[in-house]
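A.B. asks: Here is what each chain is made of, one letter per residue.
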Amino acid sequence: MIYLHYFAGLKEEAGKAEESLPWEDGTAADVLQWAKTSYPAFDFSAVQIAVNEEYVLETEPVKPGDHVAFIPPVSGG
Amino acid sequence: MGTELKPFHVTEQPLDSALYMDYVTHPGAGAVTLFAGTVREWTNGKRTMYLKYEAYVPMAEKKLAQIGDEINEKWPGSRVAIVHRIGELAISDIAVVIAVSSPHRKAAYEANEYAIEQIKKVVPIWKKEMWEDGEEWIGDQSYKPEQGSGQG
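Top line first, the protein sequences correspond to chains A and B.
Our numbering numbers the first residue of the first sequence as 1 and each following residue consecutively.
Our numbering numbers the first residue of the second sequence as 1001 and each following residue consecutively.
Honestly, the hints are just simulated from the structure, not real lab data.
Be careful, since some hints might not be right.
To be verified - Examples of chain A residues lying across from chain B (beta carbon under 7 Å, computed):
id : residue
1  : F7
2  : L32
3  : E53
4  : P64
5  : G65
6  : A69
7  : P73
8  : V74
9  : S75
As the list claims (entries may be wrong) - Calculated Cβ distances over 12 Å to all of chain A for the following chain B residues:
id : residue
10 : H1026
11 : G1028
12 : L1034
13 : W1042
14 : G1045
15 : W1075
16 : H1084
17 : Q1118
18 : E1132
For every residue, glycine included, the Cβ atom is placed at its ideal position computed from N, Cα and C.
Turn these sequences into a full structure, and let the hints guide you.
C.D. replies: So, in structure tokens, the structure goes:
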């Protein structure tokens, strides 16, 4: 199982802030592909991925128990 | 507020900038810069009624602390506090406070500006503008993951 976190527009699109996904192994790119398929109306082109609260490249391995967050372009300040 | 001030904090509570100014002030400091980002009513001819901010709070606080570490490396002798408010904010409410003290003023100005620029690039906080006739999540399209505080 991995734990997915959604924010801003993606949270609204998904209708939830978090969900879990059965998982054995793969990369951040695989998780992103799953999300693109599950939420096809959302534009993922500028979304960054964080695994366990750190930005990662798409080649980063994702292991069971990891927290994967989709980070749309930020706008704090 | 708790009794202990958290220097890198994301909170739903109103921000009291004086607390953060006091926190960074110490005998070695010769300058303190205090930046407050406030909610603007008019943006490009559109009237904002209020803003909604949300954050990935644990990661945002980690990133704020990382910006503090970077400031200490780049401008030795600085002391930093950065706090961001989330939830619904009214016009003129303070959304972010950055307090930096340094031995000399130039570093205090530069480090403070560095902090707000990094916040706008890498800290997972999002702003939604609520207008009279609609709403929109605002995203800074300048984000590049290679920039400081980004890649672990």
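A.B. asks: Now, for every hint given, state plainly whether the structure supports it.
C.D. replies: Verification of the hints:
1. F7: Holds, about 6 Å.
2. L32: The hint is violated - A/L32 has no Cβ within 7 Å of chain B, the shortest such distance being about 14 Å.
3. E53: Holds: closest Cβ of chain B sits about 4 Å from A/E53, inside 7 Å.
4. P64: With a minimum Cβ separation of about 20 Å from chain B (threshold 7 Å), the hint on A/P64 is violated.
5. G65: violated, 16 Å
6. A69: Result: holds, 6 Å to nearest chain B Cβ.
7. P73: With a minimum Cβ separation of about 3 Å from chain B (threshold 7 Å), the hint on A/P73 holds.
8. V74: holds, 6 Å
9. S75: With Cβ-Cβ at 4 Å, under 7 Å, it holds.
10. H1026: holds, 26 Å
11. G1028: holds, 28 Å
12. L1034: holds, 15 Å
13. W1042: Nearest chain A Cβ is 17 Å from B/W1042, so the label holds.
14. G1045: holds, 19 Å
15. W1075: holds, 20 Å
16. H1084: violated, 6 Å
17. Q1118: violated, 10 Å
18. E1132: Since the minimum Cβ distance to chain A is about 20 Å, B/E1132 lies beyond 12 Å and the statement holds.
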